[in-house]
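There are 4 protein chains.
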Amino acid sequence: MFPISFGSDNHSGVHYTVISAIQQVNTGFCPAYGDDPLSQDVLAQLEALFGGDCKADFVMTGTGANVLSLQSLVNSFHAIICAESAHINVDECGAVQKCTGARLSPLKTPDGKLTPGLIAPRLLGDRDQHHSQFRIISVSQSTEYGTLYSLEELKALADFAHQHKMYLHIDGARLANAAVALNTDLKSMTTDIGADIVSFGGTKNGLLFGEAIISFCPELTGNMRFFRKQCNQLFSKMRFIAAQYEAYLDKDLWRTNAKHANDMATLLAKRLADIPQIKITQKVYVNSVFATMPKAWINPLQEKYLFYTWDESKNEVRLMCSFNTLEEHINELINSIQALAG
Amino acid sequence: MFPISFGSDNHSGVHYTVISAIQQVNTGFCPAYGDDPLSQDVLAQLEALFGGDCKADFVMTGTGANVLSLQSLVNSFHAIICAESAHINVDECGAVQKCTGARLSPLKTPDGKLTPGLIAPRLLGDRDQHHSQFRIISVSQSTEYGTLYSLEELKALADFAHQHKMYLHIDGARLANAAVALNTDLKSMTTDIGADIVSFGGTKNGLLFGEAIISFCPELTGNMRFFRKQCNQLFSKMRFIAAQYEAYLDKDLWRTNAKHANDMATLLAKRLADIPQIKITQKVYVNSVFATMPKAWINPLQEKYLFYTWDESKNEVRLMCSFNTLEEHINELINSIQALAG
Amino acid sequence: MFPISFGSDNHSGVHYTVISAIQQVNTGFCPAYGDDPLSQDVLAQLEALFGGDCKADFVMTGTGANVLSLQSLVNSFHAIICAESAHINVDECGAVQKCTGARLSPLKTPDGKLTPGLIAPRLLGDRDQHHSQFRIISVSQSTEYGTLYSLEELKALADFAHQHKMYLHIDGARLANAAVALNTDLKSMTTDIGADIVSFGGTKNGLLFGEAIISFCPELTGNMRFFRKQCNQLFSKMRFIAAQYEAYLDKDLWRTNAKHANDMATLLAKRLADIPQIKITQKVYVNSVFATMPKAWINPLQEKYLFYTWDESKNEVRLMCSFNTLEEHINELINSIQALAG
Amino acid sequence: MFPISFGSDNHSGVHYTVISAIQQVNTGFCPAYGDDPLSQDVLAQLEALFGGDCKADFVMTGTGANVLSLQSLVNSFHAIICAESAHINVDECGAVQKCTGARLSPLKTPDGKLTPGLIAPRLLGDRDQHHSQFRIISVSQSTEYGTLYSLEELKALADFAHQHKMYLHIDGARLANAAVALNTDLKSMTTDIGADIVSFGGTKNGLLFGEAIISFCPELTGNMRFFRKQCNQLFSKMRFIAAQYEAYLDKDLWRTNAKHANDMATLLAKRLADIPQIKITQKVYVNSVFATMPKAWINPLQEKYLFYTWDESKNEVRLMCSFNTLEEHINELINSIQALAG
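Chains as they are written, first to last, in the numbering used here: chain A, 424 to 765; chain B, 424 to 765; chain C, 424 to 765; chain D, 424 to 765.
Watch out, some of these pointers could steer you wrong.
Identical chains blur together in the list; that is why a pair holds if it fits in one copy or across any two.
As the list claims (entries may be wrong) - Simulated crosslink set (DSSO-like; lysine-lysine; CA at most 30 Å straight-line): (1) K588 x K737; (2) K718 x K588; (3) K727 x K610; (4) K674 x K588; (5) K531 x K588; (6) K718 x K674; (7) K478 x K693; (8) K588 x K727; (9) K588 x K610; (10) K702 x K674.
I should point out that these hints are in silico values taken from the structure, not numbers from a laboratory.
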């Protein structure tokens, strides 16, 4: 129906066990808005997975997960520090500003990653009633460049945040891919490093829709459910998100899917590296490959495959793999490239 | 798994042809965010169904549909007139106020229905820079009391709105039920009476999720897509809403489902009317039955069936039917009531 | 320059001791934004006047005082109960909704006054994540109808609020007039009855500009100063508000001015009562007189005097007195009316 | 009462002709909120001063002027480009974000000045529904660094804005100082270069309070008066702002005051330049002097004079002059510095 896509991990459909779980829960009547045993049970499973001392909630979209994670911790006079390349800064049409009224304070980074060293100078100037009060450090794991924070780097950011009476938020739309790449578990990457609020994405990794927010400071984020309704993220037929997450957690499907996506990206990068005119521009950790290629190749390839130009000035493209990218898709792309390379 | 529910039409699951449509479209890759041919095609079908001279958009939830319909037409200094019982006034946790900053101006009504006569006195006082400027009349069709506006009543409201430089919004979460009850089509009830913006609900009538907004003033609502993203209502894997609506429109499934729900409510009301201690408190037009019963019956019944007390002071309950309410569910409820009646 | 006005107490100018205070403080340099000893000193005087266990802040306008009093205690998912006639509901162009995102829940009242009995039924329905959470009861003392809450009535509202985990806000744009009319002091009418946050107006009672907010729950309203800046209510040359309030408190100028305005209204009402065609429609407690008169009189009078028609349907007008209304102004108005009465 | 201040131009008081104007208008009654002939007349004078084809409005504060200038042209999904050092970005506690919901997109600049060259690359990435739509270029004239845009530079920015369907906003809190420094008039610096909306500050140049907004696209900013009320910037006793501006315009007091302040800064810079340990860090155009000095000098000087450290890492201080800075104040400061220099 559509061409092969390396455009986004949301160009993929739904994993068959997830579709199957939706079907199986589609029986009879069920209380709405999360007041059903399945939703309660799967949220408890999620909380256990993240170490137990936390509170999980379901929302509908990745933007919604970010908005609500932040909204539950900020007021309009707060500032949120993020990388200039962060999804919340560039790809959400100002949803955070509209919903929270707060200020985003974006920092230029070489690789999409914040460090205490980058943040510290920014904190200097802003103190009194004339200035937004710094409240959150927001990172994406993995980042929009496909780079990764090590556990040590995350811990350093959490410690730095807490020393300055701030909180650490992790945009985990691709948290599964990061866990695979770091060969770690979700608890180690969030609870143990001192994160305060985290999203655990599903849509980009094989679900139809649905994201989970995990709060490690539930005493502060107790108003989440009201904000969730106000921000249009309360789903009525909640059992259908719960069923998807049940399937996602079962036998670590989230990990299987993410590992496959990461492996495909590694393979793709390896194959691309053989082509002399192509240069991989970011080290490949997760499921994205950033590469430059001759300008003349881009249009012909985009007629056959879906993918985005990331930086037109450098002829840099982004190629995303996902749970349903196949080796044959990669072969086909490479063949097309080799044909162009002559 | 759960008891029989007369609690809400969102306690029901998903119609099997809708689930099937989701499965069928789950193949290969597809551009996200509505940039796919299926989404474009189904939106065009929707536009045709409403008469052609309009613009359709998909959103995720009923609250989202209301927020965005209003947001696309108001600024923060505007006022929105609605019935005190309107969903936007009482059941959305202030989402409209949060997202738009505008003022809701609720009017007390006997039956959930606004009239020009009720609205006119409210318009008198508010004129200048000290006052929110009246901009929208928002009605629910059918209303939260299960009552209906006739086509003439809707036209009178639209005309009144336009005479006062206002717009008519219809919260159509149950527009299908209204169309069935009025034995009319969607165009006659919206385009032809002069509505300006309308939602056409799916979730309460057999879809998994998804609502459509139909704008009859697309030159005014051209910023909808930006607000949709900002208000967390842009779905990434849009083909899966489109596929549901395709199934919903095919052979008028929306009408079949709504007719069934309405018929079940009529049957339920008829059966309840035989019980002397029960009094039907609102004429039954669509899929809800409002009734008073002896206080002592309510708790025992709620242990076996899901339903809500609507007005505790009057021992009034609301019983909702839906596309998957069966005659045997009604029989069972009536049997339980008769057992209590002795 | 302008005709005699009974239009509003803000049609009056500035009391001469207040102008004089502005002049006297206009010397040399002074830290801005309240970081000066005079501002600190006058705020402390205000706190003492209200009983000491409170925190005073200066803002610029009456609308600003209301917005900030409420903003410091609500979040966007909260609801604020007020009379339908409240200034925050009808005369501030939706400023509260825009700035706080919260929901106003207006109640119809016979005389502009809320009671626990009017509020209690409204609280019933709204409990869970679908509903704005009731947080504030907001009253105006004196009300927009010139009516007054007795100390007992205020205490009953404060107690009711606290029993329901709500707070009591008093819009005190005319708190001085109320204190005079009740023959009480500011502490008795606020601290002692259990108010949580109160404004103490100056502009309508002889100041050039400036209002004071008194918080009795400073542990909750500690973010006021950030909201004050965000809501455009932080004045740079703050010493000039402080100097005005110093003059206002000195020898109880606030009381003298308010007493004069109240006395003039009483006199005006007495004189109007002698005219058979005129009917006083609200008992006169403070500085406003509401009266009906023959429709044919209104336009000719408005050509000579500034005043507003309050309710066109009843030919009801509002006549305001202020600190600079003179007995001769009243005589002149009465003469004009008698000429019309023939 | 307070020490000599080089801290801010709002540490100064009110020019005596302005105080005198306030007194003179303080007579009798006057319609409020701008519905008086004086306000209408002075607004017309302002419009004439800016070339006639524009609409002037009074607001209360500088932050309010910026918020409303922007609010009248943006919606929440818009982005506003400004220098990282802009007052709207760093000194208004996020007021623009709170009030408009829009995104500020700050750019790093060497000297507080934007150029088309700096802006163009930022525009590339943001196009579709995922991105805030660029709508405004906001500059400060003079800038927060005391630097100036030439008329050609302003015209280039306005042209660039219009080519990209954007608008040019000028934060003119110190527009008077800029006009003096450029030896030009207000029309040439705004109307003639193609500005769309401009504030013309008064508070920092000898007024008690009050700012003017001049819109050159009144057909777009017609809702300003509603936003002004909602954003708490509508002053009731408006004649007292009008009277100040009348005095401000009379015999070009705005120019006289600004010229004095600029001249004092030039003198101060000249005297500082004689001290070898001090380095002037920004060319002095208007009324501020930025300079580095030995760290050990700063505290002792701040015990005697009010001024701010601008950049602690460089021991850079900011010294502001104003309409009431006297040569003897400068002499005294220089003497103190020379004493430290030994």
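Now for the hints, and whether the structure bears them out:
In this assembly of identical chains, K588 and K737 lie within 30 Å of each other by CA distance solely across copies; the values are 26 Å between and 40 Å within a copy. In this assembly of identical chains, K718 and K588 lie within 30 Å of each other by CA distance solely across copies; the values are 29 Å between and 47 Å within a copy. Proximity of K727 to K610 under the C-alpha cut-off of 30 Å is found in neither arrangement, the shortest distances being 41 Å within a copy and 40 Å between copies. In this assembly of identical chains, K674 and K588 lie within 30 Å of each other by CA distance neither inside one copy nor across copies; the values are 38 Å within and 46 Å between.
In this homomeric assembly, K531 and K588 come within 30 Å of each other (Cα to Cα) both inside a single copy, at 23 Å, and across copies, at 27 Å. For the identical chains of this complex, K718 and K674 are neighbours neither inside a copy (44 Å) nor across copies (49 Å), given an alpha-carbon limit of 30 Å. Proximity of K478 and K693 under a CA criterion of 30 Å is satisfied in neither setting, with 41 Å inside one chain copy and 46 Å between copies. In this assembly of identical chains, the alpha carbons of K588 and K727 never lie at most 30 Å apart, being 51 Å within a copy and 34 Å across copies at closest.
Within a single copy, K588 and K610 get their C-alpha atoms as close as 23 Å, which meets the 30 Å cut-off; across copies the closest is 37 Å, which misses it. Taking identical chains as interchangeable, the C-alpha atoms of K702 and K674 are never at most 30 Å apart, the minima being 37 Å within one chain and 53 Å between chains.
In summary, the structure is inconsistent with hints 3, 4, 6, 7, 8, 10 from the numbered list given earlier, while agreeing with the others.
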